[in-house]
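Participant: Given next are the chains, with one letter for each unit.
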Amino acid sequence: MMNFPVLSVITFTPIVAALIILMMPSHRRNETRAVALASATFALLLSIWVYFSYDQTAGGYQFIEKYDWLPALGISLYFGVDGMSTPLVLLTGVVMFTGVLISWGDEDPHVKAGIQDRPREFFAFLFLLAGGVFGVFVSLDLFMLFFFYEIAVFPMYLLIAIWGWVVTREYAAMKLTLYLFVGSVVSLIGALVMYWIQYRNTGVLSFDMLVMENAGFSQAFQIAWFLPVFLGFAVLGGIWPFHNWSPDGHVAAPTAVSMFHAGVLMKLGAFAALRVGIMLLPEGAKYWSWLIMAFAGIAVVYGAYIAFVQTDMKYMIGFSSVSHMGLVMLGLSTLNQNGLTGAGVQMFSHGVMTALFFAVTGMIYDRAHTRMIPELGGMMKIMPFAGVGFIIGGLVSMGMPGFSGFVAEFPIFMGVWQSRWLVAVIASISIVITAAYIMINIRKVFFAELPEKLHGHVGDITVLDKVAIVTLCILMIGLGLFPSLMVPMVQTGVENILRLLGGA
Amino acid sequence: MMNFISTHLLSTILFFPAIAALVMLFLPKEETKLHKWYALVASLVPFGLSLVVWLNFNPSQAGYQFEEIHIWYAAIGSSLHLGVDGLSLSMVLLTTLLTPIAILASFSINDRTKAYMILFLFLETGMLGVFMALDLLIFFVFWEVGLVPMYFLINQWGSANRNYASLKFMIYTMGGSLGLLLAVQLLGVLFGTYDLLSLYEGWNALDGGATLLGMSVGTVKAIAFWAFVIAFAVKVPLWPFHTWLPDAHTEAPTAGSMILAGVLLKLGAYGFLRLILPLYPTEAKVFAGALAFLAVAAIVFGAFGSYAQTDFKRLVAYSSVNHMGFVVLGIAAAAFAAGTADARIALNGAILQMFNHGLSAAGMFFLVGVIYERTHTRNLEEFGGLFPLVPVYGGILIFTSMASLGLPGLNGFISEFLVVRGSFGVGVNSVPVMAVYTAVAMLGLLFTGAYILKGIKKVLHGPMNEHWAHGEHKLTEINTREIIVMVPLMALILWIGLYPAWILNVINKAVVMLF
Numbered sequence: 252m253m254n255f256p257v258l259s260v261i262t263f264t265p266i267v268a269a270l271i272i273l274m275m276p277s278h279r280r281n282e283t284r285a286v287a288l289a290s291a292t293f294a295l296l297l298s299i300w301v302y303f304s305y306d307q308t309a310g311g312y313q314f315i316e317k318y319d320w321l322p323a324l325g326i327s328l329y330f331g332v333d334g335m336s337t338p339l340v341l342l343t344g345v346v347m348f349t350g351v352l353i354s355w356g357d358e359d360p361h362v363k364a365g366i367q368d369r370p371r372e373f374f375a376f377l378f379l380l381a382g383g384v385f386g387v388f389v390s391l392d393l394f395m396l397f398f399f400y401e402i403a404v405f406p407m408y409l410l411i412a413i414w415g416w417v418v419t420r421e422y423a424a425m426k427l428t429l430y431l432f433v434g435s436v437v438s439l440i441g442a443l444v445m446y447w448i449q450y451r452n453t454g455v456l457s458f459d460m461l462v463m464e465n466a467g468f469s470q471a472f473q474i475a476w477f478l479p480v481f482l483g484f485a486v487l488g489g490i491w492p493f494h495n496w497s498p499d500g501h502v503a504a505p506t507a508v509s510m511f512h513a514g515v516l517m518k519l520g521a522f523a524a525l526r527v528g529i530m531l532l533p534e535g536a537k538y539w540s541w542l543i544m545a546f547a548g549i550a551v552v553y554g555a556y557i558a559f560v561q562t563d564m565k566y567m568i569g570f571s572s573v574s575h576m577g578l579v580m581l582g583l584s585t586l587n588q589n590g591l592t593g594a595g596v597q598m599f600s601h602g603v604m605t606a607l608f609f610a611v612t613g614m615i616y617d618r619a620h621t622r623m624i625p626e627l628g629g630m631m632k633i634m635p636f637a638g639v640g641f642i643i644g645g646l647v648s649m650g651m652p653g654f655s656g657f658v659a660e661f662p663i664f665m666g667v668w669q670s671r672w673l674v675a676v677i678a679s680i681s682i683v684i685t686a687a688y689i690m691i692n693i694r695k696v697f698f699a700e701l702p703e704k705l706h707g708h709v710g711d712i713t714v715l716d717k718v719a720i721v722t723l724c725i726l727m728i729g730l731g732l733f734p735s736l737m738v739p740m741v742q743t744g745v746e747n748i749l750r751l752l753g754g755a
Numbered sequence: 008m009m010n011f012i013s014t015h016l017l018s019t020i021l022f023f024p025a026i027a028a029l030v031m032l033f034l035p036k037e038e039t040k041l042h043k044w045y046a047l048v049a050s051l052v053p054f055g056l057s058l059v060v061w062l063n064f065n066p067s068q069a070g071y072q073f074e075e076i077h078i079w080y081a082a083i084g085s086s087l088h089l090g091v092d093g094l095s096l097s098m099v100l101l102t103t104l105l106t107p108i109a110i111l112a113s114f115s116i117n118d119r120t121k122a123y124m125i126l127f128l129f130l131e132t133g134m135l136g137v138f139m140a141l142d143l144l145i146f147f148v149f150w151e152v153g154l155v156p157m158y159f160l161i162n163q164w165g166s167a168n169r170n171y172a173s174l175k176f177m178i179y180t181m182g183g184s185l186g187l188l189l190a191v192q193l194l195g196v197l198f199g200t201y202d203l204l205s206l207y208e209g210w211n212a213l214d215g216g217a218t219l220l221g222m223s224v225g226t227v228k229a230i231a232f233w234a235f236v237i238a239f240a241v242k243v244p245l246w247p248f249h250t251w252l253p254d255a256h257t258e259a260p261t262a263g264s265m266i267l268a269g270v271l272l273k274l275g276a277y278g279f280l281r282l283i284l285p286l287y288p289t290e291a292k293v294f295a296g297a298l299a300f301l302a303v304a305a306i307v308f309g310a311f312g313s314y315a316q317t318d319f320k321r322l323v324a325y326s327s328v329n330h331m332g333f334v335v336l337g338i339a340a341a342a343f344a345a346g347t348a349d350a351r352i353a354l355n356g357a358i359l360q361m362f363n364h365g366l367s368a369a370g371m372f373f374l375v376g377v378i379y380e381r382t383h384t385r386n387l388e389e390f391g392g393l394f395p396l397v398p399v400y401g402g403i404l405i406f407t408s409m410a411s412l413g414l415p416g417l418n419g420f421i422s423e424f425l426v427v428r429g430s431f432g433v434g435v436n437s438v439p440v441m442a443v444y445t446a447v448a449m450l451g452l453l454f455t456g457a458y459i460l461k462g463i464k465k466v467l468h469g470p471m472n473e474h475w476a477h478g479e480h481k482l483t484e485i486n487t488r489e490i491i492v493m494v495p496l497m498a499l500i501l502w503i504g505l506y507p508a509w510i511l512n513v514i515n516k517a518v519v520m521l522f
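Chains as they are written, first to last, in the numbering used here: chain A, 252 to 755; chain B, 8 to 522.
You may find that some hints are simply not true.
Claimed, not checked - DSSO-like, lysine-lysine: derived pairs with alpha carbons at most 27 Å apart:
| id | chain 1 | residue 1 | chain 2 | residue 2 |
| --- | --- | --- | --- | --- |
| 1 | A | LYS695 | B | LYS175 |
| 2 | B | LYS481 | A | LYS717 |
| 3 | A | LYS632 | B | LYS40 |
| 4 | B | LYS465 | B | LYS481 |
Honestly, the hints are just simulated from the structure, not real lab data.
Please build the complete structure, drawing on both the sequences and the hints.
Facilitator: Printed below as a string of structure tokens:
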């Protein structure tokens with residue numbers, strides 16, 4: 252069993268599934284969906300298996316696979332996961348599974364929830380994206396990381412431009428793609444420079460990141476190139492002041508894509524920034540940590556405040572994602588054990604939470620045809636399941652103890668205390684602002700009177716929607732009550748990062 | 008099974024309501040009656056178990072009893088460390104006693120009883136966790152968790168202005184807790200553990216001259232002290248942090264107000280005793296005057312505020328500000344003169360006052376609820392002369408009001424007397440500094456009498472409002488269920504008033520050992 256190439260199977264399952272789906276006849280809509288669901292379930296089960304068979308006492312990179320791809324340039328298909336990436340693989344599996352569930356929708360012409368327009372093509376693109384995401388999380392080869400990174404970004408354009416919200420989809424798709432491409436090009440230049448310098452230093456041509464860790468980059472080099480590499484990736488992580496594409500993209504994207512986008516893609520940015528920026532250029536990270544921390548601190552408070560003043564539910568969640576991803580960046584910028592551990596857990600926690608938020612918002616929008624908070628109301632009576640799910644997500648978002656958000660945010664704040672305590676004091680303001688906008692939103696959308704306009708034609712969510720909500724809620728509560736389900740694993744990954752940072 | 012329970016007595020008490028609430032999720036939605044009885048029985052179990060703890064508790068033994076440690080969040084050094092001493096046990100008993108009473112009081116609720124009872128049971132777990140925690144992070148966890156069910160109880164089952172009141176309650180408490188959260192993090196970062204017993208030791212051993220975060224340890228401690236104080240002062244509530252309370256109490260459903268006044272306010276006072284006095288003995292002494300000032304302001308302004316109300320429930324709400332002021336006055340006096348006999352007397356009074364106020368405030372809110380349910384008004388001007396219509400209700404109301412007023416022979420007198428007696432003697436070089444504050448507080452006590460009598464007069468005496476005497480508006484007498492709610496409260500009020508030794512013995516021994 253140990254020789255089973257589980258990581259490449261996970262990575263290529265969605266891609267193969269995408270091809271199979273494309274070959275199916277377009278009128279067999281339910282069969283298309285069934286294939287999608289089956290392959291998503293398969294990928295989820297494998298990622299659960301990876302999660303639970305990862306040996307925490309051994310730590311390090313596990314499930315390693317290596318196949319030559321272009322040996323002359325030192326490029327190989329090199330897969331492996333550590334304590335940082337394993338939870339993210341699981342997260343991707345979960346979001347993919349729930350994303351398919353909620354896209355299934357309801358074909359009733361009066362409801363028309365979920366994806367009813369060309370589901371075949373939709374799922375194909377979505378799965379291409381998912382394959383790219385898996386690939387980034389498991390790649391130990393810098394070239395392959397870029398390869399999968401672009402695979403993950405590119406389908407976003409089509410998914411938003413074709414299936415998105417009619418009003419802004421062209422604008423948002425274009426804005427998002429340009430932002431992310433510029434970011435990744437900047438990072439790519441940095442990576443190529445690193446590749447070249449390594450060759451000059453050691454005579455080795457290799458994109459192997461474990462090799463590059465020992466490339467002996469000079470301090471001056473690291474300081475010069477850290478910011479372009481880190482920020483180039485961090486654009487996708489929604490770091491202030493490059494977050495601007497993100498709320499627009501969230502709003503325009505169809506529900507499952509928003510879930511993917513906020514739930515997983517933003518983690519991709521943060522993860523790549525960590526893997527390439529901090530782990531390969533640790534001296535640069537130490538030098539610039541104050542700047543990253545400043546950006547992140549601003550994102551945390553500013554994002555929460557902007558979320559507070561939104562009237563469109565999706566914009567509200569979009570900006571809350573900026574705020575929460577700011578916490579991830581804040582944790583990364585501390586470069587200490589608590590902060591990095593918290594950042595790792597927060598990536599998972601926020602991914603699940605925001606996927607749930609977007610799922611519920613999508614369910615409401617599909618049925619009420621509006622997302623404007625003042626135009627909504629009384630959803631608790633109509634879709635109690637979605638309401639309870641949203642409330643649980645809201646509590647996670649507020650960092651309420653007993654839920655995963657608290658488990659993640661608390662170590663981040665402790666880490667910030669250890670490095671620059673004033674930032675912790677300032678960032679903590681966001682907790683109260685978040686509580687305020689979440690509570691006001693819950694009260695208005697779910698409890699206030701159902702507006703006249705919505706009487707009669709708004710119905711309850713489907714069974715598959717409920718399965719998705721329950722899955723996501725169980726993860727958030729389970730992790731909140733039993734942090735040891737994930738934290739020790741993340742810590743093994745953090746130890747490796749600390750070693751690269753020189754035991755700091 | 009019995010073996011497990013006897014070794015995990017506290018965690019059983021703590022988590023039983025939460026587990027019962029989870030089971031309740033699977034009860035059918037329409038069976039209103041089943042929900043009520045199920046919740047009542049489920050809340051009686053922790054009460055029974057806490058009686059077992061009370062009876063097996065050895066008050067003379069120093070330290071914590073029935074201790075349990077379960078690893079929770081190893082990465083940051085926090086574990087579920089539970090234990091009780093005389094102080095926390097009396098609060099646990101108060102909580103497990105008031106919860107079934109409040110649930111019985113909510114039998115008149117027929118709107119979404121399932122969700123209501125589930126929230127109530129979760130609320131009980133949240134409150135108990137604070138009183139049992141011997142780990143600072145666990146303390147904070149339960150401190151915050153309790154907010155959520157209370158928010159929804161007010162927001163969903165409250166009266167007209169509930170949206171404003173519930174949000175204000177939530178934001179005030181969370182905002183107030185921000186400083187606490189940050190200070191908790193600082194302590195955890197410094198010592199790598201959240202275990203209270205290690206924190207007491209490590210934090211007090213910090214050299215006052217050393218530097219920390221670029222400031223002297225003394226400055227950091229002073230800031231952290233105020234961060235703690237503000238969090239707890241909001242909850243108690245101390246003047247000027249009290250403005251959320253009249254709104255929240257007035258808008259909450261009756262049982263919510265009972266728990267809010269009966270237990271939630273005690274969480275704040277308990278924080279002063281469990282965390283502030285042991286962690287900041289020096290700062291508490293330095294700032295005792297300021298605390299006493301705020302406490303006296305709460306006593307006096309609370310009484311004035313109460314007297315000025317025309318809404319019966321608001322009147323009772325402000326009386327909580329007034330009564331809880333005595334608790335903090337006792338604590339401030341004790342902090343000022345730590346270790347003296349006066350300090351112990353004051354603390355005895357403060358802790359007993361917490362328990363007593365829990366009984367009488369819960370009773371008063373319930374009685375307001377009883378009349379509100381019948382008349383659908385709380386406006387004092389619309390009552391008047393109701394005594395002949397509802398003699399039993401009137402008698403119970405007068406009895407409970409007298410406990411609140413501090414009539415000798417009832418419980419309020421004992422505790423307020425101890426607080427006053429203790430703080431009166433506290434001073435420097437035989438100049439009784441606190442006597443000034445105590446004297447001013449007496450002014451508040453005078454007005455306590457005034458507002459209580461005003462409440463009684465406006466409701467029961469004077470010319471009868473004929474509106475309630477005949478026809479469809481005819482006021483009905485308090486019913487058996489409502490009397491059953493009041494009986495345990497009144498019995499305890501009388502028992503403590505006549506023979507306080509059974510509980511003061513436990514409290515006093517805890518005070519002597521702790522402070």
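Participant: If a hint holds in the structure, say so; if it does not, say that too.
Facilitator: Going through the hints against the structure:
A distance of roughly 16 Å separates the Cα atoms of LYS695 (chain A) and LYS175 (chain B); the hinted pair therefore holds under the 27 Å criterion. The suggested pairing of LYS481 (chain B) with LYS717 (chain A) is violated, with an alpha-carbon distance near 49 Å, which exceeds 27 Å. The hinted pair formed by LYS632 (chain A) and LYS40 (chain B) meets the criterion: a straight-line CA distance of about 21 Å does not exceed 27 Å. The suggested pairing of LYS465 (chain B) with LYS481 (chain B) holds, with an alpha-carbon distance near 18 Å, which does not exceed 27 Å.
Of the numbered hints stated above, the single one contradicted by the structure is hint 2.
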